[in-house]
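Residue numbers (our numbering), protein chains in the order written: chain F, 1 to 492; chain R, 1 to 453.
No lab work stands behind these hints, which were simulated from the structure alone.
Quick caveat: nothing in here was measured; it's all calculated off a predicted structure.
Any given hint might turn out to be false.
Unchecked claim - Capping the alpha-carbon separation at 25 Å, the derived lysine to aspartate or glutamate pairs in DMTMM-like fashion look like this:
no.: 1; chain 1: F; residue 1: Lys-160; chain 2: R; residue 2: Asp-342
no.: 2; chain 1: F; residue 1: Lys-32; chain 2: F; residue 2: Asp-108
no.: 3; chain 1: F; residue 1: Lys-161; chain 2: R; residue 2: Glu-419
no.: 4; chain 1: F; residue 1: Lys-160; chain 2: R; residue 2: Asp-341
no.: 5; chain 1: F; residue 1: Lys-32; chain 2: F; residue 2: Asp-453
no.: 6; chain 1: F; residue 1: Lys-107; chain 2: R; residue 2: Glu-417
no.: 7; chain 1: F; residue 1: Lys-160; chain 2: R; residue 2: Asp-420
no.: 8; chain 1: F; residue 1: Lys-160; chain 2: R; residue 2: Asp-281
no.: 9; chain 1: F; residue 1: Lys-29; chain 2: F; residue 2: Asp-108
no.: 10; chain 1: R; residue 1: Lys-348; chain 2: F; residue 2: Asp-108
no.: 11; chain 1: F; residue 1: Lys-29; chain 2: R; residue 2: Glu-417
no.: 12; chain 1: F; residue 1: Lys-438; chain 2: F; residue 2: Glu-366
no.: 13; chain 1: F; residue 1: Lys-160; chain 2: F; residue 2: Glu-366
no.: 14; chain 1: F; residue 1: Lys-161; chain 2: R; residue 2: Asp-341
no.: 15; chain 1: R; residue 1: Lys-92; chain 2: R; residue 2: Asp-219
no.: 16; chain 1: F; residue 1: Lys-160; chain 2: F; residue 2: Asp-108
no.: 17; chain 1: F; residue 1: Lys-161; chain 2: R; residue 2: Asp-342
no.: 18; chain 1: F; residue 1: Lys-160; chain 2: R; residue 2: Glu-419
no.: 19; chain 1: F; residue 1: Lys-161; chain 2: R; residue 2: Asp-281
no.: 20; chain 1: F; residue 1: Lys-161; chain 2: R; residue 2: Glu-417
no.: 21; chain 1: F; residue 1: Lys-105; chain 2: R; residue 2: Glu-417
no.: 22; chain 1: F; residue 1: Lys-160; chain 2: R; residue 2: Glu-417
no.: 23; chain 1: F; residue 1: Lys-375; chain 2: F; residue 2: Asp-477
no.: 24; chain 1: R; residue 1: Lys-348; chain 2: F; residue 2: Asp-453
Stated by the list, open to error - The following label-pair restraints were derived from C-beta to C-beta distances:
no.: 25; chain 1: F; residue 1: Pro-71; chain 2: R; residue 2: Ser-60; range: 35 to 45 Å
no.: 26; chain 1: F; residue 1: Ile-18; chain 2: R; residue 2: Gly-421; range: 32 to 42 Å
no.: 27; chain 1: R; residue 1: Thr-54; chain 2: F; residue 2: Asp-108; range: 50 to 60 Å
no.: 28; chain 1: R; residue 1: Arg-339; chain 2: F; residue 2: Pro-71; range: 41 to 51 Å
Note that CB positions come from ideal geometry on N, CA and C, so glycine has one too.
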Amino acid sequence: MDFSSLPLLSITTFLPVIGALVIMVLRPKQTKTAYGIGITFASLTLLAAIMIWIQGIGSSLSQVEELSWIPSLGIAYRLGVDGISFPLVLLTAFLFLTSLIFSAKIKDSANIFIQLVLMLETACLGVFLSLDLFLFYVFFEITLVGMYFIIAKWGHEHRKKAALTFFIYTLIGSLFLLLAFLALYLFSDTNTFDIQQLITNPTITGLAATLTFWGLFIAFAIKTPLFPFHTWLPLAHTEAPAAGSAILAGVLLKLGTYGFIRFPLQMTPDAFREFAPYVIVIAVFTALYGAFVALAQTDIKRMVAYTSVNHMGYLIFGVAIAAVTTTTSGMIALDGAVLQMISHGVVTGVLFLLVGALQDRTGTREMNEMTGLLKTYPILSGLFMLAAFASLGLPGLAHFPAEFQIFLGGFDVYPVAVGIIIIGLPITTALYLRAIQKVFLGTLPEGFTGLKDLGSRELWAIVPLILATILIGVYPDSLLSMIHATTNFFGL
Amino acid sequence: MATDLLNISPQLIVLSTTVIVLCLEMARLPRAALWALVVGMLTATGVAVDMLGTDTTAFSTTFRVDALSLWAVIILGPATILFALLGRSELKDSAREGTIYSLMGFSALGAMILAGSGDLMFIVLGLLISTLAGMAMAAHPRNDPSSEGAMKYFIYGSVAGAIMLFGLTFWAGLAGTTLISGINNPDLSSYAVMFGFITLVIGIGYAASLFPVHFWTPDTFEGAPVSIAAYLSVVPKIGALFALAQVVRDLPVSLVDWPLILAVLAALSMTFGNVVALWQDNVIRLLAYSTIAQSGYYLLGVIGVGQSTLAIDSMVVFGVAYLLMNAGAFAITLGEGTRLDDFKGMGKRRPWQAVGMTIFLLSLVGMPPLAGFAGKFLLFGAAIESGYSWLAVVAILNSAISLAVYMRIVVPIFFQEAEDGQIRTYAPGTSFVWISTLALTIAAGIGVQWFLG
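Bound-form chain F, shown alone:
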């Protein structure tokens, strides 16, 4: 099919914010109407994203849309996709839709909530589709504002502190990003903010390249997050409302990991290669640290949050491997890292939604206070176990093909590092099994009267994500072929 006459990328990016404007103008009195509008626009966005797919994702950045913006500085409105950004666009559209469906129970200032979520979706899509540093930065920062208000208004007990910590911490990161972007602009021969040009012709060298690399590293390490920049994460994830946590873990962390691939790997490749050993040490430590700290948690939401840190460690390990070696093992690792972004988005997204459903029913997140829920909530328990198995890397589910490739690629170059990082797997297995045992098995305390099992609203949100988890696990090639075409094109 040919939609080439339509600016599909811009349509995809701005459909959500148009939905927000519609709500702002109509000011629906019924929360149902408001959610109806929000979900409609989120669905249309997903549809538009699928149309981009049908149009064909090239191995290089394609479907470029360009408009003049600030010509004096070489800044323009430029959008485009390749095999790395498109899976993330799809994930974003998908996860925002399901999160919005899941949150339809939120009645407090629902109109504003939906508008913020839609604004956040536009910002996230914009980040993945931008082909201009300036535009990228604009979208990158807007995500912070949107998420701050979502956590601060609709979060749990310590929401204000969590929101402010998140905002200030990640703002420091993005400001380093701003400096790095300015350095890329000022010290490249072409004096441009055009991402395509900066990738095809990375002219920044020497000390400037080193400083730029570390600027980018700090920015994305805070966002991803890597140890020791992760301290904002558990607080923000735990205090955010369920849908907020799902979006935060599923999509916002990917802004950091996507950044690692798009900027340091592609724009300062030599500096990244030089410092890759340090990055690998940090990544390995992050993965193990995340796993061990997750093991120590009694709050189930915090536990899931820390497993994110663990998974991000694997992911950055894969990217760093790709920075070191130009052989096929580098490519394999990078393929795995990109797939890991999608797997983690889907799996952790659904885990946070399930934890939210659990908290709605039991009124607590403490695992010690929950037991024997399997009989009362068979569907919820079954889906949680499935998602937990996916998260710990069971073959046939989403994380396995990704992590397998990362370790496979890494083994060729740093076998010892792989040997160490792989310790994370049994630990996450242990912690999930322990959580399942505590929360779902055993006998229900007497007199427990909770709500019913998952309702249709929750199922509509959770089941598609579970299906995606299985699909990626069984048939990873659905995404991998697209990813591989692009990583292959990188010529690593």
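The hints should help you fit chain R onto chain F, whose structure is shown.
Chain R in isolation, oriented as in the chain F frame:
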């Protein structure tokens, strides 16, 4: 002579407008005075826009007609109108309301003269006109806090001005001329030039509320009417910093390492302003400390003069942005009240103003795509291009602190319940100011191309 007069026609229009405004006030016609000010300032701004691109001098190179002096008119003309409207909202029917308008005009004229200084005497003259008129405005309510504030402003001003004048005599004596370009001579004595420069920074820094000559700022702002505080936070500051840019353009780095001196001052101003602002419970004092910090950011542009292609652009864009977001934030403070507690529950009470205030504050932090971001983006670029990357790092860390400062206002707006008490109303002038500056804060951020040379 005729071309000279033509070249300074924007300033001449401002001068004659101000005289007319003063006459109308003598006739006790404050409304007419306000309108005369609006028309005159708009005319001057229009003429200056038409002259953009001119780069020449007037009166034997004592006054420079260039991007800086023209943009000063384009920024400060509308600024004066906005603050006069705020003044009308706040001081309507007070005794001698019209004097405020003529004093605003005079002070703006002083700032415009500063911005085009090609001669040391113009710097002295501009600084005096600009700040003396400001003192009279600050004392307008004639109560204890305002008198105290105005007195501090006056005493600081006299001392700083005297020191500057003393130091500048060294420059004039060395160079044999009072022209700024006279200092552009590598054979001069480095120590004497450095001494002159430091005294100049004291004089300029006083008007721009730079650390360590900022001490008058919070007290004067708190005592003065809100509209006057808003005026003082913008107009003399932009004039003074543009004057500083005019001086360093001609100052050889070999004689005095002025970028380093300014960089240290910038770092201190930013850090001091932001950190102290964290403890303020009065919104006006908080904004006063924030202007000290913003002056520090502004110096990044001055440091770039002669070394970065972005320097002048960054000063212009940040000037525009600073005017818009500061005027907006002060306007809403005028409408809501000056205590942090007055902002409680505003999100429910007045959702539009609440969103507006949030946008002004986020713009002050430097969030894209708002005007403040465009300004800081260029300022950081100028600093990096001039080899002051460490200063850019200090500046971004300060931006993070400033987020904590401004969030202290945002949190009560959205997340705290209103206290019982009477709710203030917005005068039409106040509404006009915050709505127009809000629209322009967003528009200037996206349409920044228009301001680039």
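Against the structure, the hints:
1. Taken as a hint, the Lys-160/F and Asp-342/R pair is honoured in the structure, with Cα atoms around 20 Å apart against an allowance of 25 Å.
2. Proposed proximity of Lys-32/F and Asp-108/F is supported: the alpha carbons are some 12 Å apart, at most 25 Å.
3. At roughly 22 Å between alpha-carbon atoms, Lys-161/F and Glu-419/R fall within 25 Å of each other, so this suggested pair holds.
4. The straight-line distance between the Cα atoms of Lys-160/F and Asp-341/R is roughly 17 Å, inside the 25 Å bound, and the hint therefore holds.
5. This hinted pair checks out: Lys-32/F and Asp-453/F have alpha carbons roughly 22 Å apart, not beyond 25 Å.
6. At roughly 19 Å between alpha-carbon atoms, Lys-107/F and Glu-417/R fall within 25 Å of each other, so this suggested pair holds.
7. Annotation: proposed proximity of Lys-160/F to Asp-420/R holds, straight-line Cα distance about 23 Å (limit 25 Å).
8. As the CA atoms of Lys-160/F and Asp-281/R are separated by approximately 19 Å, the hinted pair is consistent with the 25 Å bound.
9. Note on Lys-29/F and Asp-108/F: the hinted pairing holds, with a Cα-Cα distance of about 12 Å set against a maximum of 25 Å.
10. Distance hint between Lys-348/R and Asp-108/F is fulfilled; the C-alpha atoms sit about 13 Å from each other, no more than 25 Å.
11. Between Lys-29/F and Glu-417/R the CA atoms are separated by roughly 23 Å; this keeps the pair inside 25 Å, and the hint holds.
12. Between the alpha carbons of Lys-438/F and Glu-366/F the distance comes to roughly 10 Å, so the proposed pair stays at or under 25 Å and holds.
13. Distance check on the hinted pair: Lys-160/F and Glu-366/F sit about 21 Å apart at the alpha-carbon level, within 25 Å; holds.
14. Taking the CA atoms of Lys-161/F and Asp-341/R, the gap is near 19 Å; set against the 25 Å cutoff, the hint holds.
15. Restraint check for Lys-92/R and Asp-219/R: satisfied, since their Cα atoms lie roughly 23 Å apart, inside the 25 Å limit.
16. At most 25 Å may separate the alpha-carbon atoms for a hinted pair to count; Lys-160/F and Asp-108/F meet this at roughly 17 Å.
17. Pair hint Lys-161/F plus Asp-342/R holds up; C-alpha atoms about 22 Å apart against a cutoff of 25 Å.
18. Pair hint Lys-160/F plus Glu-419/R holds up; C-alpha atoms about 20 Å apart against a cutoff of 25 Å.
19. Taking the CA atoms of Lys-161/F and Asp-281/R, the gap is near 19 Å; set against the 25 Å cutoff, the hint holds.
20. A distance of roughly 18 Å separates the Cα atoms of Lys-161/F and Glu-417/R; the hinted pair therefore holds under the 25 Å criterion.
21. Annotation: proposed proximity of Lys-105/F to Glu-417/R holds, straight-line Cα distance about 24 Å (limit 25 Å).
22. A distance of roughly 14 Å separates the Cα atoms of Lys-160/F and Glu-417/R; the hinted pair therefore holds under the 25 Å criterion.
23. Restraint check: the Cα-Cα separation between Lys-375/F and Asp-477/F comes to about 37 Å, which exceeds 25 Å; the hinted pair is violated.
24. Of the supplied pair hints, the one linking Lys-348/R and Asp-453/F is violated, its CA atoms being roughly 36 Å apart against a limit of 25 Å.
25. Checked against the hint of 35 to 45 Å, the C-beta distance between Pro-71/F and Ser-60/R comes to roughly 38 Å, which is consistent with it.
26. Here the CB-CB span from Ile-18/F to Gly-421/R is close to 40 Å, well matched to the stated 32 to 42 Å.
27. At about 58 Å, the CB distance of Thr-54/R to Asp-108/F agrees with the hint of 50 to 60 Å.
28. Separated by about 46 Å at the C-beta atoms, Arg-339/R and Pro-71/F satisfy the suggested range of 41 to 51 Å.
When held up to the earlier numbered hints, the structure conflicts with 23, 24 and fits the remainder.
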